[in-house]
Amino acid sequence: MPNSNIDMISLIKSKFGDKVQIQLGKLGAATITVNNGLHRDVLQSMIEADEKTGITAITGLDLGANIGVYYHVHTSNVFVTIKAEVPKENPKIQTIVDLHPGAAFHELEVADLLGVVFEGHPTLGHFVLSENWPQGVYPLRKDVKASEVKLVPTPPSEEIKLPENERLVKIIIGPQHPALLEPEKFAVTVDGEIVTKVEPRIGYVHRGIEKATESRTYLQDVYLVERICGICNSIHACGFVEAVEKILKTEVPPRAKYLRVVALELNRLHSHLLTLGHAGLEIGYETLFQYFWRDREPIMDLIELTSGNRVYSSLMTIGGVRRDIKETDVPKIKATLKDLRGKLPFYRQIYENEPTLRLRMKNVGVLKREDALKLSVVGPVARGSGVDIDVRKDEPYEAYGEIPFKEIVYTTGDTWARMNVRMDEVEESINIIEYAVDHLPSGPFRIDTPRSVPAGEAVNRVEAPRGELFYYVKSNGTDMPDRVKVRTPTFANIPSFLKTAIGESIADVPANFVSLDPCFSCTDR
Amino acid sequence: MIDFTLIFRILVFPGFTFILLLTLFCDWMERKIEARLQNRVGPMVAGPGGILQPLADFIKLLTKEDITPREAKKTVFKFAPLVAFTIMVFAFCFIPVDGASVLSVNGFSGDLIVILAFATIANFLLFLAGWASCNPYGTIGSARVLTQFLGYDIPLFLIALTPAFIAGSLSIATIASSQVIPFILLAPWAFVLFIITMQAELEKDPFDVPHAESELVGGLETEYTGAKLAFLHLTRDVQVVFGSALVVELFLGGPYGPVFFGASWFWYTLWFVLKLLVVVTITEYITCVFARFRIDQVLSGNWRILLPAALLSLMLTVALVTWVYPLVV
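Those sequence lines, one after another, are chains A and B.
Each residue of the first sequence is one higher than the one before, starting from 1 at the first, in the working numbering.
Each residue of the second sequence is one higher than the one before, starting from 1 at the first, in the working numbering.
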């Protein structure tokens with residue numbers, strides 16, 4: 001029986017001894033530096049010791065002669081980073097997909113952007129880069145300049161291989177499709193109405209933001225990372241500034257912490273309301289969609305009231321926030337939230353009792369708990385499958401440690417459970433904001449920080465509306481970062497869709513997919 | 001000798017022009033009701049309250065480029081929407097609007113069967129239209145149309161027989177005129193079943209699986225553009241009005257109502273339109289408060305629930321007509 005209270009670090013120490021170097025308190029609870037090849041053994045012993053072990057992200061970075069491959073691993077109580085390096089001439093490392101299927105997408109991305117070959121990975125190929133990207137140019141390597149990349153002519157599109165079985169039909173969902181609001185492609189093979197295979201292709205709107213951060217100052221980067229996602233923009237900025245503050249060893253004033261929480265929870269509120277309504281649209285329930293989006297509007301107004309902007313709040317900055325909440329605005333915030341709280345029972349009752357809605361959501365896209373753990377899913381998707389992970393509880397950041405709130409977990413793992421997690425979190429968010437504005441500490445909301453950041457590195461995890469958002473920042477002593485790695489929640493959640501869609505009706509694909517709250521703008525950074 | 005009255009009746013009132021205007025008006029009504037139920041305003045720019053919006057949409061589509069895909073079966077692709085529209089309008093002509101149907105004063109006995117058959121043919125033509133477009137979405141969409149209307153035609157026919165039994169006639173005009181007490185009061189269960197079946201037959205929510213846009217893009221309309229699309233839309237709208245008109249004729253006493261002064265045809269038309277709007281409001285309300293079923297749920301709902309219910313309804317009606325109603329009426 002895996003024990004969740006296990007001391008992972010002493011276990012590694014006792015098992016591998018001198019073969020690994022352990023630095024405590026760096027990049028999470030500890031950084032374990034291993035030789036190429038040993039990373040598999042370390043990871044395997046961690047997975048055996050704790051069932052909640054999962055891959056949060058794999059960061060690839062150019063270290064000069066070598067390419068670093070950092071495995072960021074979460075377990076039930078600690079977060080560690082396993083560092084391995086491969087030589088640039090022969091960048092080969094063994095895959096970990098067979099140990100942990102959830103690592104598949106992360107490996108594909110590192111392979112595409114840094115040219116690391118993961119030996120044994122089943123489907124290596126272009127994953128984020130476009131088809132007309134030149135061979136052998138890996139954009140995240142330092143010697144590649146964006147202006148010097150010469151695109152090659154687009155190769156003729158592959159001949160569509162007709163499935164051998166005549167009963168099978170291939171339906172292409174995307175890049176342009178009414179069910180997807182953003183460009184992404186899923187090739188779905190159906191047998192009659194039953195889905196037998198889903199092949200994803202992402203990267204249609206990849207903007208290379210990770211590379212772009214390296215040629216801008218930290219302050220500019222705050223606004224750049226905010227543009228990764230329009231819906232959860234504050235949380236992106238927060239994830240980045242917290243990582244930088246960790247390198248700077250800056251403590252943000254308490255008032256700023258509370259103000260950040262208010263901004264983050266407003267983000268979560270409007271994001272959840274958006275998804276709850278959008279799910280209605282996907283199952284042909286337009287009225288629900290219109291109602292939710294109507295009630296989302298006042299929240300957008302609150303974001304404008306507190307930050308000055310309706311969508312991109314641009315509130316976070318290194319060392320605090322840029323705007324204070326006026327004392328006179330507090331009653332307005334509370335009134336709006338009270339109004340929304342009053343409407344929640346109605347919506348909850350629709351999700352509970354509406355027969356057609358239950359028919360379309362109950363037992364659709366069931367993700368079992370063990371699959372959720374194996375695929376390292378995050379956020380409401382994991383919590384709908386009975387996995388109690390929430391960074392706000394597990395590793396409290398900002399003021400979340402001081403604010404009481406419930407962690408919502410449903411165990412059925414279907415679309416209905418995932419939507420209900422969000423429904424309940426809307427209420428929790430309202431509670432959090434009300435508590436935060438009631439208990440706003442006095443004092444400054446911003447402190448000055450130096451423009452240049454000393455050399456160092458930091459990882460940071462925050463809970464975005466869609467799940468855990470991961471930032472890795474490496475600085476080199478100048479005013480521009482050396483490497484910024486972003487792992488967005490949707491990137492971690494898409495594999496679960498590939499799993500749950502199989503064996504279900506094609507008509508359930510949209511409802512199932514929207515229950516992940518997919519954001520491709522996030523996925524394609 | 002040319003009968004000018006007949007030509008006027010066919011082309012203007014209550015024939016083609018009237019049907020077209022009624023259809024556009026009902027389309028506007030539907031959109032407005034749906035919008036209000038969803039907390040929106042709906043069309044509001046073209047004409048007072050946006051009443052000209054359906055006409056504007058229709059004209060706009062007529063001006064758009066008309067594309068026929070290379071792979072499509074050209075003849076069927078081009079003519080199916082037009083023929084479907086014609087058949088629907090023709091079927092409408094048998095419905096007594098101002099107290100008499102368009103073609104002959106009292107229709108003929110058995111015209112109920114004829115118009116139900118016409119409605120089926122029109123649906124089949126829509127299926128052909130999608131099938132001929134040779135597009136995967138169009139093909140799947142039209143396959144769904146076919147499975148759905150084949151299933152729901154049977155209960156529709158069976159439930160339509162309930163008023164026919166009570167009236168003792170298969171002529172729509174006779175059924176309508178014999179409703180001293182509207183049949184909705186004599187057979188309310190049949191009315192409810194008929195509305196549900198009609199909703200499925202017209203492919204409206206919660207039965208709108210053939211054009212579930214989140215799965216099938218445009219369904220059978222995917223490849224259609226310009227004038228052909230305009231006629232597809234118009235056919236759908238005429239179908240909706242036709243279905244509601246059928247409900248009016250079979251259950252709500254048709255166009256008949258009190259005549260206060262002046263010409264009876266004016267009052268009959270007024271009653272007909274008002275009753276029609278009531279039915280449109282009911283169906284639109286159903287559309288708004290439900291989510292879409294899945295195709296397998298639609299079909300199992302038909303064969304497991306609606307078909308047995310329709311048979312039961314028929315049995316109940318026969319029993320009541322034989323033993324109970326003679327005592328009441």
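Think of the hints as simulated: they come from the structure by calculation, not from any bench.
Check each hint, because a few of them may be wrong.
To be verified - BS3-like, lysine-lysine: derived pairs with alpha carbons at most 30 Å apart:
| id | chain 1 | residue 1 | chain 2 | residue 2 |
| --- | --- | --- | --- | --- |
| 1 | A | 362 | A | 326 |
| 2 | B | 73 | A | 362 |
| 3 | A | 343 | A | 26 |
| 4 | B | 60 | A | 170 |
| 5 | B | 204 | A | 343 |
Unchecked claim - With the C-beta cut set under 7 Å, the calculated list includes, among others, these residues of chain A facing chain B:
| id | residue |
| --- | --- |
| 6 | 287 |
| 7 | 359 |
| 8 | 360 |
| 9 | 441 |
Note that the coordinates shown come from a computational prediction; the quantities given were computed from them, not determined experimentally.
Backbone N, C-alpha and C fix where the C-beta goes; we use that ideal spot for every residue, glycine too.
Evaluated hints:
Taking the CA atoms of residue 362/A and residue 326/A, the gap is near 44 Å; set against the 30 Å cutoff, the hint is violated. Using a Cα cut-off of 30 Å, the hinted pair residue 73/B and residue 362/A is violated, with the two alpha carbons roughly 41 Å apart. A distance of roughly 45 Å separates the Cα atoms of residue 343/A and residue 26/A; the hinted pair therefore is violated under the 30 Å criterion. Proposed proximity of residue 60/B and residue 170/A is contradicted: the alpha carbons are some 35 Å apart, above 30 Å.
This hinted pair checks out: residue 204/B and residue 343/A have alpha carbons roughly 28 Å apart, not beyond 30 Å. The beta carbon of residue 287/A comes within 5 Å of a beta carbon in chain B, closer than 7 Å, and the hint placing it at the interface holds. A cut of 7 Å between beta carbons decides the hint on residue 359/A: the least distance to chain B is about 6 Å, and the hint holds. Nearest Cβ of chain B to the Cβ of residue 360/A: about 5 Å, under the 7 Å cut. The hint holds.
About 40 Å separates the beta-carbon of residue 441/A from the nearest beta-carbon of chain B, more than 7 Å, and the hint is not met.
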